[in-house]
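*Asks:* Residues in the sequence shown are numbered from 1 upward in steps of one, following the numbering used here.
Quick caveat, the hints were computed from the structure, so don't treat them as lab data.
Wrong hints could be hidden among the right ones.
[What the hints assert, rightly or not] With a cut-off of at most 25 Å between alpha-carbon atoms, the simulated SDA-like pairs for lysine to any residue come out as follows:
#: 1; residue 1: K258; residue 2: T158
#: 2; residue 1: K163; residue 2: P331
#: 3; residue 1: K334; residue 2: P127
#: 4; residue 1: K11; residue 2: I65
#: 5; residue 1: K141; residue 2: D311
#: 6; residue 1: K335; residue 2: E130
#: 7; residue 1: K223; residue 2: P318
#: 8; residue 1: K163; residue 2: S183
[Unchecked claim] Label-pair ranges, simulated between beta-carbon atoms:
#: 9; residue 1: E186; residue 2: E164; range: 11 to 21 Å
#: 10; residue 1: D301; residue 2: E187; range: 32 to 42 Å
#: 11; residue 1: Q205; residue 2: V329; range: 30 to 40 Å
#: 12; residue 1: E38; residue 2: P109; range: 20 to 30 Å
#: 13; residue 1: Y97; residue 2: V254; range: 40 to 50 Å
#: 14; residue 1: D354; residue 2: V213; range: 18 to 28 Å
#: 15; residue 1: R181; residue 2: S129; range: 10 to 20 Å
#: 16; residue 1: R300; residue 2: G269; range: 21 to 31 Å
#: 17; residue 1: R320; residue 2: R191; range: 48 to 58 Å
#: 18; residue 1: H259; residue 2: Y97; range: 49 to 59 Å
#: 19; residue 1: H272; residue 2: E38; range: 52 to 62 Å
#: 20; residue 1: Y132; residue 2: G168; range: 48 to 58 Å
Cβ atoms here follow ideal geometry from the backbone N, Cα and C, with glycine treated the same way.
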Amino acid sequence: MAGTRLRVSVKDRSDLSGFANVETCRPHADVPIASESELLVTGFSTWRATSSLTAMHIVAPDGPIFSLYAWSSSHPDELKALHDECLGAQKSAVAPYRNGLEVHLVAVPDCRGELNRNTCFWGFCCPQSEAYYYKSLLEMKRLVVVLDLDETLVQALTLAGLKERLEGLTRDIEAETDPHRISVLEEDRERLVQNYDELQEFALQDTVTVDGVTIQPQWGPTKSGPRPVLRLPVSTRSPMPEGWSSERIFTRVVPGAKHTSMLVHVRQGWNHLRDALLKGRDTARPQLRYQVYVCTLSQRDYAHEIWRLLDPAGELIPPREMAGRVVAVPPRLKKRLGSVLHLQAPRDLAIVVDDR
């Protein structure tokens, strides 16, 4: 589509407007302005952490889809003022487009070496507001970390779940003939029996008795009443499978509903990961270097309570931001970065920690 003429207009700035030729940068590229006669620039995006060209290559990793040049060699100064302003201030000119997209014009030198080299723009296309989100991450030098909960950071068990596991282990033991295997399964059953007895006591009395000592919970205020939370010290004897810490946490998802009592085992290494995420703080600034999200296939109340156990002081996710950053995905849906970040996800700036 070389030679297609387009008028570039800047809202409230007639001195920056002009005509240009549009050319595709890639074969078969879908140029969103191909059928338009005018591209209306309604704002600018200023990039402070890096050049506008580098930033837009991160936002739109497939690269530019079209280029703009002065519409003829007889008018070499068309759009030169807009080009100089964008290049000097490291900003891109933003024009909204249909279907939730926007076009970013980035001023670049003309690689063709022609007379109108000073009026060359590359056009990048991305979902609206995506560049704004990238800009905040780049300026704060921050990465997004998305964490799963179940079987990744925690193993949460209810009385019903423990009972089902015990019944299954009993059947396995009865069907097993290998003595060594039977011994391993019996150890697992002993551990689950201990867990079941402790959780049953917690559900009925809000306490757990270990070695003859009754341990009282801490009570945390919630909108629906005080919630009991009981953490057994790591030093307490608690045989666990490899990969899980010996710390056991008892809690109740719905404070007034004893059947929502749960025993939570935390994945071994969580404290090290949490410390690493917190140590990402820049000593010269209070901001974290990691923006943490949680995405899990579970109910919202459960996800929020588990995260409160993992981050009790709200250092990784402030309590006021939990509603937007701890996301419970309905079972019928798939977990996607877009559902967590509520926009086209910055894959190049995101780390996902999940067991599958």
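*Asks:* For each hint, tell me whether it holds in the structure or not.
*Replies:* Hint-by-hint comparison with the structure:
1. K258 / T158: holds (11 Å)
2. K163 / P331: Roughly 23 Å between the alpha carbons, so the hint for K163 and P331 holds.
3. K334 / P127: Satisfied, since the Cα-Cα distance of roughly 21 Å is no more than 25 Å.
4. K11 / I65: It holds: about 23 Å lies between the C-alpha atoms, which stays within 25 Å.
5. K141 / D311: The hint holds at about 23 Å.
6. K335 / E130: Given that 25 Å is the threshold and the Cα spacing comes to 20 Å, the pair holds.
7. K223 / P318: holds (18 Å)
8. K163 / S183: Given that 25 Å is the threshold and the Cα spacing comes to 20 Å, the pair holds.
9. E186 / E164: 11 to 21 Å: holds (18 Å)
10. D301 / E187: 32 to 42 Å: holds (34 Å)
11. Q205 / V329: 30 to 40 Å: holds (35 Å)
12. E38 / P109: 20 to 30 Å: At roughly 25 Å between Cβ atoms, P109 and E38 fall inside 20 to 30 Å, so the hint holds.
13. Y97 / V254: 40 to 50 Å: holds (47 Å)
14. D354 / V213: 18 to 28 Å: violated (38 Å)
15. R181 / S129: 10 to 20 Å: violated (56 Å)
16. R300 / G269: 21 to 31 Å: Given range 21 to 31 Å: holds, Cβ gap about 26 Å.
17. R320 / R191: 48 to 58 Å: violated (39 Å)
18. H259 / Y97: 49 to 59 Å: Since the Cβ atoms of H259 and Y97 sit about 52 Å apart, the hinted range of 49 to 59 Å holds.
19. H272 / E38: 52 to 62 Å: holds (56 Å)
20. Y132 / G168: 48 to 58 Å: Check passed, 51 Å falls within 48 to 58 Å.
Violated hints for the displayed structure, listed by number in ascending order: 14, 15 and 17.
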